[in-house]
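Each chain sits in its own coordinate frame; assemble them with the hints.
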Amino acid sequence: MSLDSLKHRKISSILTILGIVIGITAIVSLMSIGEGLQYAVSKQLEAVGYDKIIVTSGSDLMAAFMGEGLKEDDVEMVKSVDGVETAFGILFKTIPIEYKRENLIGQVIGIRSKDTEEIFTQMKVFEMDVGRYFKSGERGVAILGKKTAESLFEKEISIGDSLYLKGENFRVKGIMKSTANNQRDKSVFIPMEQLREITGSKDSITMIFAKVSDVSKAEEISEEIEEELDEEYGEGFYQATTSQQLAENVGSIFAVLTFVLGGIASIALVVAGVGIANTMFTSVMERTKEIGVMKSIGATNYNIMEIFLIESALLGILGGIIGSLLGLMISYIITMIAGNYLPVPFKAIVTMETIIMSLLFSSFVGIFSGILPARKAAKLQPVEALRKD
Amino acid sequence: MFQESLEISFDTLKHRKTSSILTILGIVIGISAIISLLSIGVGLEESISGQLEGMGSDKIMIMPGSSASFDLSTFLGEGLTDEDVETVEDMSGVKMTAGLLFKTLPVRYKDEVVTTYVSGGTPETYNKMFLEMKIFEIAEGRTVKEGESGVTAIGSRMVDDVFEEEVKIGDTLYIKDKKFKVIGNLKSIGNSQDDQNVYITLEDMRELVGGKDSLTMIYVQVSNPKNIDSIAEKIEDKLEDKYGENTITTLTSEQMAEMTSSIFSILTFVVGGIASISLVVAGVGIANTMFISVMERTKEIGVMKSIGATNYNIMEIFLVESALLGFFGGVIGCMIGYVLSRIINVFAAGMLPVTFEATVTMEMIIFCLLFSVIVGIVSGIWPARKAAKLQPVEALRYE
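The listed protein sequences correspond, in order, to chains A and B.
Per my numbering, residue 15 is the first one in the first sequence, and the count goes up by one each step.
Per my numbering, residue 30 is the first one in the second sequence, and the count goes up by one each step.
So that you can see chain B by itself, here it is in the shape it has in the complex (with noise of 0.2 Å):
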């Protein structure tokens, strides 16, 4: 009976062919919107877990602020110390610590001057980050020496994009007064802010910003991955004592991913519920093609009464035909949306300045085409019960 349907239901699309193109359209629209904006959220999504990923799993983050009341301030305060590091570097499990003091300064090559990302540590510090920790590695020349002053290591970005000619090795960059001589620069690690990182030694940065003892971040490295929860939470507990509750949020790597994947997730939900809206709208499309349909063949209706249909039979006819209509979108607007996500790869390498793929995934077809067929089966229930309650004699005396 169900292949019946089917073949009268194919038979009535081609019959009624502008309606049903029309109708098909509708849900051709919706899907492939939803598909090529969840595209776009998935594929920012993975460029920044993937950049977190190269960090390791093995890395904390220690920052001054509270974890509960997440204050982008307090996040950029200088509530940590020297002294904290070696707190910190004494605690059993911790393989190395690095400690940096960040500000945001205005740099000056040539005539040009951007105000970018200016990091301050110690030449120890840059040889565990760089060297041993490779939460950044090293693309040309070399790190700061202990005793340099007045050299830097740059970001990739620093280095070809940033400032309109490029940045080599032995050129020289001013921060506020102060000569700086490029020793060094970075691999890209796909952060556009954190390759726009000038790094300095942390006296010259404390000579340029004043703060005695004062440092905005430390790096931890574990011995061991699997301890990394209860350490990080030793490490507070431990900081805390210090400075008192909730002063004091660690952010293990795998947190951190947590975090912006549920950040992005919330967008991309919000993006596809707003593009979702057309879907219902293409649904209500349906039922009115639907309804044309039921009051179409309403004599015809009549004969397969007549003959014996029972309610249940008619109603599964035109629960088939909404359900292919939705179905017929579906996989026309996922083909789309696909398209549509390649095309916008295109335009986005050249525009962004980070690693990013619109990303198209199975369950992302998988989705939009239950989506549309649910959308197109409720869509023709009223239709359908109408159709399945008409009374024979009175159905066909219509014309």
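Okay, chain A solo, but in the shape it has when bound (with noise of 0.2 Å):
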């Protein structure tokens, strides 16, 4: 009997656990993704490296894409700032693009062809892969984002080859290597110049970019800049950021994204926590007559409550280690799946702090679930409990 009482003993523990490990699986997997696109998009960031500054108009990002306020005097500017090592601006244009009589509708991004082989080389924001950079003053010539040359249309496009902009001719001279950043490979290059005559844009530039010599002064450079800016054209006009800020940026926006999702299935949480309040009530009571016992030799109300909040802990902790291996299994099976289908490369990342968290949070929730219950079990009168069968 005691045996058959031990069994449903176990079905009901398990039944418990089981409720923890859902919703530590569902915690730690969904943080998992979360982290995963955090990490992605600060590698695109780290690529394009922290001793670079980054300056538009406008203050976001959707903003700063289309603006088009900076002109080529603010290139200079930014130039004579102390501290900047190189800085040169790019326009971006989205206009028609023919190849081989396939036409579509894509990013054009102008560079001044003198400036062309320093940007490259010492940038190194892109680098190249086949081909020759921009001779200074060339024109009808265009360098090719690694997706464009592949992908981009359905033939092949190799060095030589002719695309049409606006119906001008651009002859292929160099492909670039893949960056992180799938916008980008999707551009074709062509010399600043020309894209303002195709576009009638005078002389404005959409982001400037700088690198500065001393990364540890990229911030103090970047409020400089910034400055020199206010002073011109009025303040809140333009903004200089950092490659580290903007990382800190697109980091926060994904972290605010982690936790809404987590928070969301921490609800599960809650719901096996009253899962354990359950269980440990009916154990409570199971063993009234036990806890007589025990009271009656000597037992603390201390110890009761010892004994159920430990039974209680145990319960949320032997949850949440099994919720964080499945967790983790689901992690990869995502990063598995999310490979074939994602066009950015992605990968579900499961950190420490996660683990850490899952375990303590579902330990926290298994004690707290068991305060209740074990309160009531302290506080049973030996009496009465042992008259109870």
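Please keep in mind that the hints were generated in silico from the structure rather than gathered at the bench.
Hints may contain errors.
[Unchecked claim] Calculated lysine-lysine pairs in the BS3-like style (CA-CA distance at most 27 Å, straight line):
| no. | chain 1 | residue 1 | chain 2 | residue 2 |
| --- | --- | --- | --- | --- |
| 1 | A | K24 | B | K271 |
| 2 | A | K85 | B | K328 |
| 3 | B | K415 | A | K24 |
| 4 | A | K303 | B | K43 |
| 5 | B | K139 | B | K163 |
| 6 | A | K303 | B | K328 |
| 7 | B | K197 | B | K174 |
| 8 | A | K161 | B | K271 |
| 9 | A | K85 | A | K231 |
| 10 | A | K180 | B | K271 |
| 11 | B | K43 | A | K24 |
| 12 | B | K328 | A | K93 |
| 13 | A | K85 | B | K139 |
| 14 | A | K85 | B | K174 |
| 15 | A | K169 | B | K271 |
Given below as structure tokens:
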């Protein structure tokens, strides 16, 4: 009979732990997606290098990519700021591109022909795979992002092929290495002067990249650049951001996302906690007599409470451990599946912090849920308890 | 017999009060989370489709870019020209067209600078947009007149929300270094982006940003909304004849509404799905309670069986009990979820830029009640089978 009761207790314990397992598994796997996204983005920005400053007009990202408030003079000004090693401006435009009678509208980036070599070799924001840089004053030439060459059009593009931008002929001189940035890999680079002619924008620039000689001073220098621009155009028109700040900004967006999803998944853990409380109440009831015996041979309230709190904490911790393991497995599966579907390299990451937090959280839920039942057990009167059958 | 099962179940639930309450509490938490999250999703979806409805069902938007690969950057491009506006205007079934050049630029008022959306259009375009097509409507003042320069009509949020000080008609805004006198403002259409627009003349716009004859977007009004889809297709074909395959996207108001609602459906689905995990956990809790209930009543089951209760009868008793647990949890959860969605409204009203109301629909409630009953029944199946399969002799011997 006691064997039978033990078996029942077993089912009950397993189901109680299962609740925690499900909750923790959900939290760990969702967090791993969030962490993975955060990592992918910071990796992209790291590739740009922390010694870079990006100057844009406007505060939000979308505005920055659409705006064209900067001028050639501003590039010179940025260059003249102390500590800036080099700087260049680029102009973003989205215009029709034609290759072998196939048309699409794509992103075209203008860079000054005479700066091309410097941009590629010194800034290392982009790197050349095959081919050569623009020569100073050269016209009708293009350098392609990796994806533009390989997969944007049905037919692959090689060096020497011709593209048409708004009807004008451009010969491909170089193909870039793949960057971590999908957007940039799908771009066409042409001389800035000619992009302005085609699109009719005078001397505007979308953004300025600057490289500083001392990484530790990047933030200081970016502030100085912003001040200079503020003086010229008025407060708040322009923004200079170091790549590190950019990484932090983007990182914080994903952190919020991870937090919200994790929070919703945590509701499951609260429900599991209610399950623990339920099991513990039943456990206290079943062992009323036992408690009476213990108390009558001298167990204090504290002793009794400890027994039950340890039991409920154990339920939580066991659930937490199994849940973390399952979550780890699911994050591997997600990585495997995501690799085939997502355009950017993505890996779900389970950090040590996630696991430690999950274990703490689950044991906390266990203990917390056990408090009421344990108090109930501790407060039983020995005589009453013994009389119960 | 079902009635009896129901009575027995009620008795048991009352008898094992703490356990029942805690089990139901699990379902309550899960359901109220689902209801309140879904109400946010539906609220957002409705607020956006409401905005699109405001545009009317006879509008088409033409944008450069391929509809096959939705890519934000190409939609912000400037692939269209003044000539295209005329081409479209001349097509049969088209009542009216309006082309816009669209940029984000820093705008200064007194000492404050904000980067916002600046649209350039001809006076004719604005007349059409504001007065005839009624995409947006004038609240105060007037729109730009032919031959005017350095004047602007501003969206409702530009008036009193974007800058610290209120912008009144007659005030001056600076875009880059150029002065613009405010001559009118528009009624809110509830979309923060559009309400934050500054409308200037196309000539001023081109002077500010360059760009010979390029446009970002063309609005079209058709004469008969019934033909809107075929006209949209014809426009796309015609422009793609000029620019090549996959270079132009046309969106009718209905397609736009469908697109946004499908995005929100996915979002709501994902968030609701994550919240449903808690319902699964609650289901595990029900199973647990039911196992204990079966164990406690082993002797009772033995008695019932020995006086002729079939396996089916026993199973029914326990399934009804677990279904009841789910159902009660569902009902209370729906009520709490509803209250939460009201509370969310109170907070959201003050914080969100769009008109938003968390909405609890009848479908949601029915869905949640069904879901919670199903969770109850599914969780009860295993314990109920166990109860049904007990041997009467063994069961009677149990103590």
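Right, here's what the structure says about each hint:
| no. | hint | verdict |
| --- | --- | --- |
| 1 | K24(A) - K271(B) | violated (74 Å) |
| 2 | K85(A) - K328(B) | violated (89 Å) |
| 3 | K415(B) - K24(A) | holds (15 Å) |
| 4 | K303(A) - K43(B) | holds (23 Å) |
| 5 | K139(B) - K163(B) | violated (31 Å) |
| 6 | K303(A) - K328(B) | holds (21 Å) |
| 7 | K197(B) - K174(B) | holds (19 Å) |
| 8 | K161(A) - K271(B) | holds (26 Å) |
| 9 | K85(A) - K231(A) | holds (25 Å) |
| 10 | K180(A) - K271(B) | holds (11 Å) |
| 11 | K43(B) - K24(A) | holds (25 Å) |
| 12 | K328(B) - K93(A) | violated (90 Å) |
| 13 | K85(A) - K139(B) | holds (24 Å) |
| 14 | K85(A) - K174(B) | violated (31 Å) |
| 15 | K169(A) - K271(B) | holds (21 Å) |
In this structure, the hints that do not hold are numbers 1, 2, 5, 12, 14, in rising order.
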